[in-house]
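Protein chains in written order, with this note's numbering: chain L, 1 to 591; chain U, 1 to 159; chain V, 1 to 394.
Heads up, some of the hints might be wrong.
As the list claims (entries may be wrong) - Looking from chain U toward chain V, a few residues come up when the C-beta cut is under 7 Å (computed): (1) ARG19; (2) LEU23; (3) SER63; (4) THR80; (5) THR82; (6) HIS124.
Hints were generated in silico from the structure; no laboratory data involved. These figures come from a predicted structure and were not determined experimentally. Even for Gly, the Cβ is constructed at its ideal location relative to N, Cα and C.
Each chain, letter by letter, is given below.
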Amino acid sequence: MINITINGKVFQVEEGTTIFEAAKQNNILIPHFCYMENVHQIGSCRICVVEVEGGKTLMASCVTPATEGMIVHTNSERVRDVRKVIFELMLSDHPKECLSCWRNQNCELQELGNLIQLNEFRYEGAKSKDVIDSSSPSIVRDSSKCILCRRCVTVCNEIQGVGLMNPHHRGFSTFIGPSEDELLGESVCTNCGQCVLVCPVGALKEKDSTVAVWEALYDKTKTVVVQTAPAVRAALGEVFLYEPGTLVTGKMAAALHQLGFNYVFDTNFAADLTIMEEGSEFLERVKDVLTNKDKKSVLPMITSCSPGWIKFMEHRYAGQLPHLSSCKSPHMMLGALTKSYFAEKMNIDPAKLFVVSVMPCTAKKFEITRPEMFKDGLADVDAVITTRELGRMIKDAGIDFRNLPEGEFDSPLGLSTGAADIFGTTGGVMEAALRTVYELVTGRELPGGTLHIQPLAGLNRIKTASIKIGNPLPEYSFLDGVTVKVAVTSGLRGAAELLDQIKNGTSPYHFIEIMGCPGGCISGGGQPRPVNDAIRTQRMKAIYREDEGKPVRKSHENSDVMLLYRDFLGMPLGHKSHELLHTIYTSRSKN
Amino acid sequence: MYPVSELIKNLADQHGRARHNLLPILQGVVEQERFLSEYSMIEIARELDLPASEVYGTATFYSFLEYKKMGKYVIRICKTITCSMKGKNQIIKTIEDMLKINVGETSPDGNFSLLQTNCLGFCHKAPAMLINYDVYTDLTPERVREILTGYINKKERED
Amino acid sequence: MGSVYQLKRVDFIFKDEKDWKVILKNSISRPAHELINELISSELKGRGGAGFPTGLKWKLTAEENDLVKYVICNADEGEPGTFKDREILSKVPLKVLTSMAVCGHVIRSNTGYIYLRGEYFFLQKDLNKAISEFEEYCREINFDFSIRIFMGSGAYICGEETALFESMEGKRGEPRNKPPFPSSYGYMGKPTVINNVETLAHTYTIFEYGAKRFYDLGVQYSRGSKLFSVSGDTPKPGIYELELGMSLFDFVEEFGDGDTKAVQVGGASGFLVPRKRFNETTIGFQGKLTGISLPTGGSMMLFNSSRSMYNVLDNYLEFFREESCGQCTPCRVGCQQLLNGIKAVKRGDKNAQYLDKLLRLTETMQNTAKCGLGQSVANSFSAIVENFREEMIY
Chain L
1 MINITINGKV FQVEEGTTIF EAAKQNNILI PHFCYMENVH QIGSCRICVV
51 EVEGGKTLMA SCVTPATEGM IVHTNSERVR DVRKVIFELM LSDHPKECLS
101 CWRNQNCELQ ELGNLIQLNE FRYEGAKSKD VIDSSSPSIV RDSSKCILCR
151 RCVTVCNEIQ GVGLMNPHHR GFSTFIGPSE DELLGESVCT NCGQCVLVCP
201 VGALKEKDST VAVWEALYDK TKTVVVQTAP AVRAALGEVF LYEPGTLVTG
251 KMAAALHQLG FNYVFDTNFA ADLTIMEEGS EFLERVKDVL TNKDKKSVLP
301 MITSCSPGWI KFMEHRYAGQ LPHLSSCKSP HMMLGALTKS YFAEKMNIDP
351 AKLFVVSVMP CTAKKFEITR PEMFKDGLAD VDAVITTREL GRMIKDAGID
401 FRNLPEGEFD SPLGLSTGAA DIFGTTGGVM EAALRTVYEL VTGRELPGGT
451 LHIQPLAGLN RIKTASIKIG NPLPEYSFLD GVTVKVAVTS GLRGAAELLD
501 QIKNGTSPYH FIEIMGCPGG CISGGGQPRP VNDAIRTQRM KAIYREDEGK
551 PVRKSHENSD VMLLYRDFLG MPLGHKSHEL LHTIYTSRSK N
Chain U
1 MYPVSELIKN LADQHGRARH NLLPILQGVV EQERFLSEYS MIEIARELDL
51 PASEVYGTAT FYSFLEYKKM GKYVIRICKT ITCSMKGKNQ IIKTIEDMLK
101 INVGETSPDG NFSLLQTNCL GFCHKAPAML INYDVYTDLT PERVREILTG
151 YINKKERED
Chain V
1 MGSVYQLKRV DFIFKDEKDW KVILKNSISR PAHELINELI SSELKGRGGA
51 GFPTGLKWKL TAEENDLVKY VICNADEGEP GTFKDREILS KVPLKVLTSM
101 AVCGHVIRSN TGYIYLRGEY FFLQKDLNKA ISEFEEYCRE INFDFSIRIF
151 MGSGAYICGE ETALFESMEG KRGEPRNKPP FPSSYGYMGK PTVINNVETL
201 AHTYTIFEYG AKRFYDLGVQ YSRGSKLFSV SGDTPKPGIY ELELGMSLFD
251 FVEEFGDGDT KAVQVGGASG FLVPRKRFNE TTIGFQGKLT GISLPTGGSM
301 MLFNSSRSMY NVLDNYLEFF REESCGQCTP CRVGCQQLLN GIKAVKRGDK
351 NAQYLDKLLR LTETMQNTAK CGLGQSVANS FSAIVENFRE EMIY
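Using the sequences and the accompanying hints, generate a full structural model.
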């Protein structure tokens, strides 16, 4: 421990702590801007400078380590003066169109302004950039608003390993993005939206779909169906100032009804269905690999619920595409069923159905545009809005969210089990699959009594578990004594590590769950800001709470899913399933 | 295979394919081609297994790594203070008149590009300029005309 | 010429290098601590402009326990008005190579690089020849040291040592946060000594003649001689080796054209001294004896009364605006808005008081920019605006 004096008070902090962290630990707020938790700090914005006695210049507190006996002033006249000037410089190259900006009142530059309290703009001058790129179905880049904090550069490179968002040129001409003429929509962008999540201003945002949804809602000829992903209910509350980790499932359903959606379905229903399909696919692959070498099945099988991850793989690991489960992501399954099973059942012309997915994800906006996601010219899903966009629509409609009664999902695509809830968090899909697969194979519940597989939960980059199969049912005798090895990762850096193993032939796993965003869908690119590890953990806890509170926690026990198989689909991996619930992938590799 | 792909492959063989070999490879392409086309940068990215955007971001940081098509001879006039005081504007005017191009442009025959650059380190012999990698100092309009005539004749002889 | 001027010409650097083999052989047979102490007692300070004690730099790096270390010669001489490193590399390259190898011996490194600015591409061929000759001799005497040239590509900021490392690693030349310093975390994250070309040439002098000969030159805190690149309004532009500690008045007596109104000491990032301060200004490092003491990489640009100081400042700001790496807010945006600001005042769009607001801006840059580039813009800006205010307005 070392002693540091900040604003006249002595504190003890661990060696290696930065001045910024030392202050934060002791409840001293240093205004900051480019700072991001848990990553290498670039120290580019210089807002967090402090005065260190004996120092010639001021020092950026986010990158300067605290040292023994250091005396720091965070609010001296000198510090406050220069902080104002730096903030003015930021604003001098930023359009002041706050009232029409989608980040109005939810903007870190405005928050900083609230701390710094300017009363004049002394420095006016040139604007460095004006490109607006709306070529992507998921993300819009408005460079005029960019203030070059480089957080998106950090997530795109260091966390996601995609390497698309980078600084280009030099000096005042520096801009952040793909290269000069490259459009996001034609690039290797995975649409994960992690850059959107960390952008402090309005420079990166999801492509708006609320206008299309409002239009559909006002169109009297349309039956508008909405579905919500598991992670949405664990975060939407934050838009309405609930504590992170507050579940708002009932109020969300009520709000959706109030917005005018004719049917409010639950993507969780399709998550249970995914487990039936994906679990069956896994068992079939294992059986092929162990007993029938002629079949071309490959292991490990990798989950396919995360469209950002899928696109990353199509670009970077096209040779490994056969490892992907052929299952569509749950909301695509639900969309396809809405326009077939549900349309048939209710006798509605599928062309008059408009399906909206509320997702924690920006990549889902891209996913619905994939040609495989259309049947007979009709899109499985017509629009995707993010959790943030739903929040905006609820506000826009004047709905008093906090005082809504608890609502419910509609039948027949609204019932779900606890297994579906945990789809929203890293490790959840694997756990849900193993709950069902283990029981199908052995006739017994997962050992341990909680139905959880502890090593797969949490925020570590790569998590693994092994489950030994003993005493299986006769039809699965080929699995007797087999130890099934599984791995779970979230974030594309981890995905690349696991895929490199597969590429090299060194992967020891049978089954891998990959989610494109760190922490899984709970911190997807479409979720409310801010997202940090504390908030991730809260949302994760909420998801597990939802699971544990459910009377039924195993997908194969979802009675409506069973009805669906009996009345419509037949059996998992059957003909109808293949037609509606499974898909194919395309290499996007340029090699 | 395009000749430039071949060139890039050879440069990568020569220098290596690690990140710290990027600059020599970029420089090697510019030495041959006078600029880095989008195609070249994507090829380099592929050869070094780097994101193309990183190659572009690195290349555009350096003012000698041109990313727009340049002429066979790239003229860079020093515009920093001493050269500026000692008449670089006159030199530019002379070249502009002679080649019928403005600063930032390439002559229609693709032979000359005219650019300004920061301090060349010949302040005691200002004004100074580079033509490709060769330095010319103590420039006067007459001297510049002579030098350029030399290049034009050289070009004609080569053709 | 005045009769009392005390400029003392020195001739060490460009004195022939024919004894380099002897000096190399002798030096590498001495223990590292002895060489370090020799450098420390010479009080040689970095000649790139920042003035960090060279012996200490070598000592700190020698004390690191890494198996891989590097010796880098910084030949990214980009400061406007500086051209001495080019001259050293073309006239006495073997001195520089010898010093690099001795440094390698001291810090236990067998790899040296010369980061040569792209503008000096034409030096590459001869320098490579010198390197071959040098390496051959090293093999002869069984001394394991290799030197490679790394070419820059037109970026002033790469003269900043951590930006230079980034550039050598194949990245944008953006300065790193310090600490960590190069002595523990330099090129490729390894302990690295990075010295300016001239600094290395001086260490050769010290190894050749001993620390005392060097120490006896100059004045307290500013020992030894220094190369000065003299340009601008002077009848005798060129490179001169002079003792440190001279007064600017004497310098102008010698090199001025009789009408000098200001001298830019240390290039665009250095200090502009108006005529009224020539007398009280000495050229050397901190710890002034009398009046103001200015450290410098050796760029001396003279301006006579026909020059518009507005144009000079405009030129500097244009330079910084282009050469800023674009990383930190104060420098990236500051340089641009300063340039806009003085133009607005000149046009009459802003009143003269606006210059004071711009001075606040340069103060902020000085206090908060990530590296020396942004921090030093204030130096000439404030001197020009404060001393030639009328020229800024009318």
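(request) Would you check whether SER63 of chain U satisfies its interface hint, that is, whether its CB is within less than 7 Å of any CB in chain V? (result) Since the shortest Cβ distance to chain V is 4 Å, the answer is holds.
(message) So, as I understand it, the hint says HIS124 of chain U touches chain V; can you test that by seeing if any CB pair is closer than 7 Å?
(response) This hint holds: HIS124 of chain U lies near chain V, its Cβ roughly 4 Å from the closest one there, short of 7 Å.
(message) The hint names THR80 of chain U as touching chain V; please verify it with the least Cβ-Cβ distance against 7 Å.
(response) holds (5 Å)
(message) Hint THR82 of chain U vs chain V: min CB-CB distance below 7 Å?
(response) holds (5 Å)
(message) Is the interface hint satisfied for ARG19 of chain U? The criterion is a beta-carbon contact with chain V at less than 7 Å.
(response) This interface hint holds because 4 Å falls under the 7 Å limit.
(request) So, LEU23 of chain U near chain V? Judge it on the closest CB pair being under 7 Å. (result) holds (6 Å)
Violated hints are absent here; each numbered hint is respected by the structure.
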